[in-house]
Amino acid sequence: MEIIQRAISISPKSRGCHIITSEIESELPELRRIGAGIAHIMIQHTSASLTVNENADPTVRDDFETFFNRLVPEDTRLYKHTMEGADDMTSHIKSSILGSSVTVPVTGGKFNLGTWQGIYLCEHRNNGKNRRIIITIIGE
Amino acid sequence: MEIIQRAISISPKSRGCHIITSEIESELPELRRIGAGIAHIMIQHTSASLTVNENADPTVRDDFETFFNRLVPEDTRLYKHTMEGADDMTSHIKSSILGSSVTVPVTGGKFNLGTWQGIYLCEHRNNGKNRRIIITIIGE
Amino acid sequence: MEIIQRAISISPKSRGCHIITSEIESELPELRRIGAGIAHIMIQHTSASLTVNENADPTVRDDFETFFNRLVPEDTRLYKHTMEGADDMTSHIKSSILGSSVTVPVTGGKFNLGTWQGIYLCEHRNNGKNRRIIITIIGE
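Protein chains in written order, with this note's numbering: chain A, 1203 to 1342; chain B, 1203 to 1342; chain C, 1203 to 1342.
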C-alpha cells in the first residue's frame, strides 16, 4: 500500500464547467503503478468546484451553466456577502452544491470512471484565477 | 492495511430513490474482516446518483422525487442537451447535485452509518438500465 | 501507512452553518504524525450536513441559511414526511444537497485546506441535538 500526494495548479478557466480528467492524469505518472485504490481530488478554493458528469457533449456543460445561474440568481439584494460583486456569494453557494472534492476509484493504473464520466472543474467567478488542486492517491 | 475493490451490477430500478445498503453489503463478504477503514462507493453513470439519507420512512424517498423534479424542471425549452428526451439533461443535473459517490466509515466489519442513515441509489431516468457500481474498501 | 478512527460528539448548534475545523482538529492529536493522507469526516445524521466553504466572513454563513431556506421552502403542503414539523423533510433534503461527509487532504500533520476554506457543520433543524461525527484518517 502506498500514498502519493501532489499539488497541481490549473491555469485560469473561463466561467463554466470544463473537463479536466486528462489534465489531471497527465500530472500523475505514478498512477500507472496503482493496481487498485482511490484518488481524492480537492480544489483549495470556495468559488470553484469539482464534480463528475458527462464527458462527451459540450451542451451538457452549457446547460450546467444556464441551470445553476437560474438556481442561484446573481441578484445582490438576496445576499449580504457582495464585496466582490454579484458573482461572489453565488460562487460560494454553487461550490457547496456541487462540492469541493471528488473521489474516484483507481484500477489498473487509471481512474476507473464510467464510459461517459469525466471530472469537471466548474469556475463560478467571472474572472477566475489559477486554481490549486491537491490530489491524494491511496492504493497498491 | 488492505484494499478490497469490487465492481457490482445493480438491477434496473424504477425512477426515484431506493435504499441499497444491504444489497451492497451482501456483495462484500470481505467487509467483515475490516476493523476500521472507509468504503468508497461510486456509480459509473451520469444520470443516476448515490447519496446518504433517511432509511425508515418511504415517504422521504417520495418527497425526494417530488422536490428534485420541481427543482430541475423537465421543460426541454430550458436545455440544449435533449437528445434522449425531457429526462436527459435533468438527470445529469440531479446527478451532480446529489453526487456520483459516497464514502462511509467502516467499523467492526460493517458500514458505520447512523441509526437512521441508509445509502440511496437515485435513478433519474424514466427507463434506467443496470447500474454499475465500483466499491473500494481501505482498512485493516 | 496507518489508520486512525474516532467518534466525536459535537454539542448542539443553533440552526445554520458553523465552522468546526478547529473543534475537529483539537480532538485529533494523532493528526500531527500524518505526513500525507486523507481525513474522511462523516456526520451520522440525516438532518444536518457537512460541507467546505469560506472561513472568514460570517455573512457567508448567513447567506447560506437564507439561500437554502428559499431553495427548500418550509411549506408542509409540499411534503408527505412532516411528522416532526415543517423543518423535518426540508432538513433531509438539505442534508443530501450539501452532503453528509467531506474528505480533506492531510499534509504535514494538518488538514490541507485552502487559505479561505473551513469545514462547516450545517444544522438544519430548529432544535438540533448533539451530533455524532466519525473521523477516519488514512496516511503515513
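The hints are simulated quantities; they were obtained by calculation from the structure and are not laboratory data. Among the clues, some could well be false.
What the hints assert, rightly or not - Heads up, simulated SDA-like pairs for lysine to any residue below, C-alpha to C-alpha not over 20 Å straight-line: (1) B:K1312 x C:I1206; (2) A:K1215 x C:I1206; (3) B:K1312 x B:S1216.
As the list claims (entries may be wrong) - If you anchor each label on the Cβ, the simulated ranges turn out as follows: (4) A:G1237 x B:R1235: 36 to 42 Å; (5) B:P1260 x C:S1216: 30 to 36 Å; (6) C:S1228 x B:T1261: 20 to 26 Å.
Being a predicted model, the structure only gives us computed values, none of them experimental. Idealized CB from N, CA, C, for every residue including glycine.
Taking the hints in turn, this is what the structure says about them:
1. B:K1312 x C:I1206: Measuring from Cα to Cα gives roughly 16 Å; hence the hint holds.
2. A:K1215 x C:I1206: Given pair A:K1215, C:I1206 is violated - Cα atoms ~38 Å apart, limit 20 Å.
3. B:K1312 x B:S1216: violated (28 Å)
4. A:G1237 x B:R1235: 36 to 42 Å: Since A:G1237 and B:R1235 have Cβ atoms about 20 Å apart, the given range 36 to 42 Å is violated.
5. B:P1260 x C:S1216: 30 to 36 Å: Holds, since B:P1260 and C:S1216 (Cβ atoms, about 31 Å apart) stay within the stated range.
6. C:S1228 x B:T1261: 20 to 26 Å: violated (40 Å)
Hints 2, 3, 4 and 6 from the list above are not met by this structure, while the remaining hints are.
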